[in-house]
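Q: This is what each chain is made of:
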Amino acid sequence: MKKSFLRQVLAIALVLTLSACTSVGNGKVAQLDQSQATASLTPGKTTKADVAKLLGDAQVLTFNNGDPYEIWIYQFDQNFSSVLLYVPYVSLFVHAKDFRGKEFALLFDKDGVLKKYRFNGGSSNS
Amino acid sequence: MLLFRFPRRFSPILFALAASSGMSQASTAALTSAQEAASDAITVDVVGKAPDRDQHDYHDTLKGVEAFNKYHYLAPQAELHFRLYQRNEKLDRDGVKLHLKSDSVRRDIELSTNWEFDLPIDAVADKERGDLVTNRPEKSFAWRPSIRTPGLPDNTRRLGDLRLECEVDFAAGLTVVPPSPGNLVLLAARPNIDVCSMPSVHWAFLADQPVFGITLINKERRWPLQTTVWLYAIHEPPVAKPLVDFMHLNDRVYDLPMADASWPDDTLVEFDYMEDPQPHSQQANASAAQSAIN
Numbered sequence: 001m002k003k004s005f006l007r008q009v010l011a012i013a014l015v016l017t018l019s020a021c022t023s024v025g026n027g028k029v030a031q032l033d034q035s036q037a038t039a040s041l042t043p044g045k046t047t048k049a050d051v052a053k054l055l056g057d058a059q060v061l062t063f064n065n066g067d068p069y070e071i072w073i074y075q076f077d078q079n080f081s082s083v084l085l086y087v088p089y090v091s092l093f094v095h096a097k098d099f100r101g102k103e104f105a106l107l108f109d110k111d112g113v114l115k116k117y118r119f120n121g122g123s124s125n126s
Numbered sequence: 001m002l003l004f005r006f007p008r009r010f011s012p013i014l015f016a017l018a019a020s021s022g023m024s025q026a027s028t029a030a031l032t033s034a035q036e037a038a039s040d041a042i043t044v045d046v047v048g049k050a051p052d053r054d055q056h057d058y059h060d061t062l063k064g065v066e067a068f069n070k071y072h073y074l075a076p077q078a079e080l081h082f083r084l085y086q087r088n089e090k091l092d093r094d095g096v097k098l099h100l101k102s103d104s105v106r107r108d109i110e111l112s113t114n115w116e117f118d119l120p121i122d123a124v125a126d127k128e129r130g131d132l133v134t135n136r137p138e139k140s141f142a143w144r145p146s147i148r149t150p151g152l153p154d155n156t157r158r159l160g161d162l163r164l165e166c167e168v169d170f171a172a173g174l175t176v177v178p179p180s181p182g183n184l185v186l187l188a189a190r191p192n193i194d195v196c197s198m199p200s201v202h203w204a205f206l207a208d209q210p211v212f213g214i215t216l217i218n219k220e221r222r223w224p225l226q227t228t229v230w231l232y233a234i235h236e237p238p239v240a241k242p243l244v245d246f247m248h249l250n251d252r253v254y255d256l257p258m259a260d261a262s263w264p265d266d267t268l269v270e271f272d273y274m275e276d277p278q279p280h281s282q283q284a285n286a287s288a289a290q291s292a293i294n
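If you read the protein sequences in the order shown, they are chains Z and R.
According to this note's numbering, the first sequence is numbered sequentially starting from 1.
According to this note's numbering, the second sequence is numbered sequentially starting from 1.
Mixed in with the good hints there might be a few duds.
Have a look at the derived ranges for each label pair, beta carbon to beta carbon [unchecked claim]: (1) Z/68 x R/108: 34 to 40 Å; (2) Z/66 x R/137: 17 to 23 Å; (3) R/89 x Z/122: 34 to 40 Å; (4) Z/53 x R/111: 46 to 52 Å; (5) Z/62 x R/220: 32 to 38 Å; (6) Z/60 x R/114: 26 to 32 Å.
Cross-link-like lysine-lysine pairs, in silico, PhoX-like; alpha carbons within 25 Å at most [to be verified]: (7) Z/53 x Z/28; (8) Z/102 x R/219; (9) R/90 x Z/110.
Simulated coverage check for chain R against chain Z, where a stretch passes if three residues somewhere in it have a Cβ under 8 Å from a Cβ of chain Z [as the list claims (entries may be wrong)]: (10) 209-215; (11) 220-228; (12) 249-255.
None of these hints come from the bench; they were simulated from the model.
Values in this document were obtained by computation on a predicted structure and should not be read as measured data.
Ideal placement from N, C-alpha and C gives every residue a C-beta, glycine not left out.
With the sequences and hints as input, model every part of the structure.
A: What follows is the structure in structure tokens.
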């Protein structure tokens, strides 16, 4: 009984881990830094199509409450360790194990024009 | 809170069902006949269950006050308030009201423009198991504590304030959480365990407005939190989404490394909102940030 349950938990963890490792972007984002972003991207002018052409497909976040914005996310490290594990026995919400990798996030307005962008992540000790 | 007030919340429904199913066919027929006969002459007042209002158990909320006093050292300069957030798009935002109600008590509670309120302390209402009652239907609001150290810039919060909010929220049973077995165990263990300092526990805080990014700042140390880990509860399983109270607010939901003691309570949590602040508030924030650092 216990072994069966453990297998189920591990299977779910494996599936979520694999799905978390789905890559986005065309690899160019790994070389992107603040100065290159400043040179390549212009808030108020750059469009989603421009960004897709530059960096490839992103992980896209939209909101279901009428919020007009759309967020695109690129993870820097293709092998990032975002182990997402739903652990119903210890967590009030989904347990997302600390992910120390970096990401590049872009905010687009309702017209698909870049509003702002930011680099996130890295070690919490940095 | 559906999880804990099932017997009270559903008692009117059970009563109504019992009443309707218990009505005999004979009495139903007699009533129908009488109504038909006098249909032109009488006005029928339909007496039934009052519509359910969005409300929260007063006694539970007072447990949040106890938690605030117990953990006040996390935010020694802050006061305790509570706040309502719009939970669904259908809510009529005009004229929202709140009152404390028990068998012998009815006290209006003043709401600020952002629906923040101070909790009245009323021993009689507590003894009578009163409720905090809004004038809106069930599931209209997400109920939260609001604990803010004064003098901080508008686009920042203090980590200790938010740690304390978690303690109060959990003790008062405000945030509606999925009823998983683990969550039920944690909820049942209140107040004997400090859930908010457990590394495996994640909490859904609500920002004042839609948020694009969050940076933790402590002296020279800065950590821009990853969107894919800390924002929008994007990893919440689809099956759980209807069970929580913040999915309508998911563009302002965030989590924090509350259990990471390397980030002290004085850590600033800086918000990069989707909408840029007005120029005058930017200047005010810069002044406040300088004061906070000094």
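Q: A separate judgement is required for each hint: does it hold in the structure or not?
A: Each hint tested on the structure:
Against the hinted window of 34 to 40 Å, the Cβ-Cβ separation of residue 68 of chain Z and residue 108 of chain R comes to about 37 Å, which satisfies the hint. Taken as a hint, the range 17 to 23 Å holds for the pair residue 66 of chain Z and residue 137 of chain R, whose Cβ atoms sit roughly 20 Å apart. Between residue 89 of chain R and residue 122 of chain Z the Cβ separation comes to about 37 Å, which falls inside the hinted range of 34 to 40 Å. A hinted range of 46 to 52 Å for the beta carbons of residue 53 of chain Z and residue 111 of chain R is consistent with their spacing of about 49 Å.
Judged by the Cβ atoms, the range 32 to 38 Å given for residue 62 of chain Z and residue 220 of chain R holds: they are separated by roughly 36 Å. Distance hint for residue 60 of chain Z and residue 114 of chain R: a CB-CB separation of about 31 Å, consistent with the stated range 26 to 32 Å. Taken as a hint, the residue 53 of chain Z and residue 28 of chain Z pair is honoured in the structure, with Cα atoms around 11 Å apart against an allowance of 25 Å. Of the pairs offered as hints, the one joining residue 102 of chain Z and residue 219 of chain R holds, with about 22 Å between alpha carbons and a cut-off of 25 Å not exceeded.
Proposed proximity of residue 90 of chain R and residue 110 of chain Z is supported: the alpha carbons are some 22 Å apart, at most 25 Å. Coverage of a stretch by a chain is defined here by at least three residues with a beta carbon nearer than 8 Å to that chain's beta carbons; for the stretch 209-215 of chain R and chain Z the count is 3, and the condition holds. Counting residues of the stretch 220-228 of chain R whose CB lies closer than 8 Å to any CB of chain Z gives 8, which reaches the minimum of 3, so the coverage claim holds. Counting residues of the stretch 249-255 of chain R whose beta-carbon sits less than 8 Å from any beta-carbon of chain Z gives 4, enough to reach three: the coverage restraint holds.
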